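A.B. asks: Keeping their order, the protein sequence lines are chains A and B. Just so we're aligned, residue 269 is where the first sequence starts under our numbering, counting upward by one. Just so we're aligned, residue 1129 is where the second sequence starts under our numbering, counting upward by one.
Since the hints were derived computationally from the structure, they do not count as laboratory data. Since the structure is predicted, the reported quantities are computational estimates derived from the model, not experimental observations. Among these hints, one or two may not hold up.
Claimed, not checked - Each computed SDA-like pair below joins lysine to any residue, with the alpha-carbon atoms no more than 25 Å apart:
1. Lys-439(A) / Ser-1183(B)
2. Lys-1200(B) / Glu-442(A)
3. Lys-439(A) / Gly-1154(B)
4. Lys-439(A) / Pro-1199(B)
5. Lys-1359(B) / Ser-1284(B)
6. Lys-1200(B) / Leu-1301(B)
7. Lys-1242(B) / Ala-1230(B)
8. Lys-1200(B) / Asn-1141(B)
9. Lys-533(A) / Ala-1230(B)
10. Lys-1250(B) / Pro-465(A)
11. Lys-1200(B) / Pro-452(A)
12. Lys-1200(B) / Ile-440(A)
13. Lys-1200(B) / Ala-453(A)
14. Lys-533(A) / Lys-1248(B)
Said to hold, decoys possible - One-sided excerpt, in silico: chain A residues whose CB lies under 8 Å from chain B:
15. Arg-445
16. Phe-447
17. Arg-448
18. Ser-450
19. Pro-461
Using N, Cα and C, we set each Cβ at its ideal position, and we do this for glycine too.
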Amino acid sequence: MAMTLDTPVDTTQPLARPSAPRWRRWMRPALGLLLPLTAAIAWELVVGAGWSDGRLVPPPSKIIFTIDELARSGELLRHIIATLARVGAGFGLGVAAGTILGAISGYWGLARRLLDPTIQALRAIPSIAWVPLFILWLGIFELSKVALIAVGVFFPVYLGVMGAILSVDRKIVEVGRTFRLSGPAMIRRILLPAVLPAYVVSLRVGLGLGWMFVVAAEFMGASEGLGYLLIDGQQLGKPAQILAAIVIFAILGKTTDWLIELAAKPFLRWQDAFAPGRGEP
Amino acid sequence: MLVLDRVGKTYLNGVNALERFSVEIGLGQIVAVIGGSGCGKSTLLRAIAGLDRASHGAITLDGETIAAPHPKVGIIFQEPRLLPWLSVADNIGFGLSDVPSAERRARIAAALAKVGLADKAKAWPRELSGGQAQRVSIARALVMRPEVLLLDEPFSALDAFTRRDLQDHLLDLWSETRPTLVLVTHDVDEAVVLADRVLVMRPRPGRLFERIDVNLARPRDRNSPLFETTKRRVLTALDRSLDRDAPDPAAGVETGDALWW
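Chain B with its partners taken away, still in its complex shape (with noise of 0.2 Å):
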């Protein structure tokens, strides 16, 4: 279970990027972030990989705090960051140098295979295409056989085709080993496909705004009237929530929270 309990962060230079933003994510769910710019999106993630301190609330996972990269949270980032001077299959096993070799080698394949690369165990990253790329850098990522998996608009920089390609071949990996997915992207397609719930955040600061779930059936059908009005209710919430006269569903809470201390 990863909880998030009234995270918040405020920059050096003052920007209130995060306020308060509580959720409670079992094992196994696929949660997606959705929002506008400066919505604190990225910041939040990057609070839960440990990459940047959340400077209030706390961040557990199975009741251990999270303040530095933790060995069971893997993060796939926008653009695939592969290292240049590694072959694919060193890439894949970056983070795995402490594992046995002949272990290593066999975890390194099957992800390989997994994706769909075996073939391109010895190419270069500069030889990948943008898809090729970030499948590497998904199948990095998922050979530390993580617990949860963030991912920060990983396939924003692709071309719809394979997007759409990749978020299928998501699904499928996720379906092995089903760790928690915490997914931030601006594409509302993106997020119905994938996930179980869908946080709409609001931006300046940022909150969280709506939480939408999404009871569809897997294998999701994209042309379906049902996934159609899930489609809308997140675009609603998300045009309300960049809309500051708009009423905000969470603010009852904090009223109280405020009238509280």
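Chain A with its partners taken away, still in its complex shape (with noise of 0.2 Å):
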């Protein structure tokens, strides 16, 4: 997050700075690899030492050969195009659905009361839970494993759209009154640009949801997907394979965030937010 936020803050310096910096940007990312790629060699060097057989944690050369395997099989591409499929139409359906019913329950006070509450009562049921019933009413297939991660994804979207509705500045509405702005456009000029801010970063809840729910929806039977890799390595006990899923997981997480984030950054730019570490003075 940190080495992102880096260039605008630097292109509205009105003096250009001395060229310390420079080092800086790449020390700042190589500083956050230090600790796994030192944990990642280490390991290499206990196995490679015969200090311990790495067979329940193999090193990282065996992920690494894997996940090579695999990628030349043309396997792994095909389960990471079905998690991938099901986390974005999971992720798609969840946003529509609580952006939609977020922003009604934050614009209007009548519409909150009727429906709130049943939604956060529904809230408060842990997602699993609907698993049995999601199988009986749409089948073993994909339907029931989108469904489960859309419902993941919707409360975290629900929740942060409302509430970000609802916080919105009076004083900013009220400049928007004086100015005679029409619904729409007090919808359009103020009212979204003002929660834009939490509407993305509940985005990046419900995305990280939907990786957390796509892994539960491919436990419960599914012929491909990462999810699928996890299961089939415990049964066969291939520990590397496992940990292959593991990591292109967090690749894929990683990446899908970092791409919610870079796509609303020129949306964001004027924020005046508490930013530590940005190394201002």
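Need the complex rebuilt from these two chains, each delivered in its own frame; the hints are there to steer you.
C.D. replies: Here is the structure:
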């Protein structure tokens, strides 16, 4: 997060700063890699030196080898696409429903009093508890999986949108009123930009839950997908395959999260937010 | 002509914030409303702005009743209230979305130049100082060419030097198009520097207590004896307005009204 925040801040600085931050730009991501890389290398050396057989915790080289093997056979791509498609569909549905209902509940007091208690009660149910019901209703295949992911994504987005609308500064809304904005103009010119930062956060939380629930969904009987790789690895005693799937989950999760951040960045340049570690004096 | 005819405001919780407030303000006049806290100054201004509706009486501008924000009435709040996601130029042009873009650009540029912030057009509000931000909000109101400009303690959050600077600046801007200014303030100095007429209010319920005409030539010298005298008159009136036992100069009118019905 810190590394992507750097550039816009620098451009707003009227005075060119000395070149010292140049190496910092590379150092900061490198600093984040230090801990995992050191641990990985250390474990590799431990196994390489024969102090451990690395059977249950395979060394990084073996994980990379496994990933490479899966990639060569084309199997990896198939699993990744299956999982991405489920997350994508579930995330899309969850975001759409969460945004619409969240906006309605945030904007209209009557709708909030009508809808919100029910939605909050549903939210209290652990989402995994829906699994048997979804399987009965929607079958064992894709539909029930997508539905579970959508449920997971829905709640943070709904809460985020509603909370953001409710916390829009009355004083700013009043500015809109003095300029006699119509209802739609008020939404477009005041409310939307005002809720955007909180909305982006809720999307990222929702996406994180989407990745969480896709694993749960794929545990309940899938023939492809990264979650299937996990189960398969467990049943056949292949820890390297489990770890390979976990590594790919991490990469995909981080990448998709970063994509949301990247897409939102041009719209959030105005933010005057507290950014620790930005390097400002 | 801005006419307030026996305007009153009772909030839903039963608080009587403003009672039978009547005044006529001619075009181009500068009126300062001053009083202790809770005397209904801001209530009055919000009613003229159309942000709140008066519960009694009527507010009319050139014969037209004001019940909602009016295109000829602009307001400058105590805080700049800039939209943080718009650049300085876009903030100023916020109310000009119906104006053709070439004209809008020209008017924004002119307004920016007038408040001395031409170099800040592309800046974000967060990059401005408090005084600069308030100047942007003045420009945002003036660019609409209002007939009446309401100011709700606009300089109270600024330091003394910036405040004085902006008061002079406001007068410069006013002298160009001469809109009616209604200024709510708790700063006697500010009221006497700016206003043609000072309306002193008394609290609980908010009522007009005394009106003091300021017959000083502009630009006003803050150190002249006449300025001091006027200031003292306002201060004395203000003191008396907060003292419940003091005789009420407006009382005669009120008893007359009360007898009538």
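A.B. asks: Are the hints correct? Go through all of them and say.
C.D. replies: Against the structure, the hints come out as follows:
no. : hint                      : verdict
1   : Lys-439(A) / Ser-1183(B)  : holds (22 Å)
2   : Lys-1200(B) / Glu-442(A)  : holds (17 Å)
3   : Lys-439(A) / Gly-1154(B)  : violated (29 Å)
4   : Lys-439(A) / Pro-1199(B)  : holds (19 Å)
5   : Lys-1359(B) / Ser-1284(B) : holds (18 Å)
6   : Lys-1200(B) / Leu-1301(B) : holds (17 Å)
7   : Lys-1242(B) / Ala-1230(B) : holds (18 Å)
8   : Lys-1200(B) / Asn-1141(B) : violated (31 Å)
9   : Lys-533(A) / Ala-1230(B)  : violated (29 Å)
10  : Lys-1250(B) / Pro-465(A)  : holds (21 Å)
11  : Lys-1200(B) / Pro-452(A)  : holds (22 Å)
12  : Lys-1200(B) / Ile-440(A)  : holds (20 Å)
13  : Lys-1200(B) / Ala-453(A)  : holds (20 Å)
14  : Lys-533(A) / Lys-1248(B)  : holds (22 Å)
15  : Arg-445                   : holds (6 Å)
16  : Phe-447                   : holds (4 Å)
17  : Arg-448                   : holds (5 Å)
18  : Ser-450                   : violated (11 Å)
19  : Pro-461                   : holds (4 Å)
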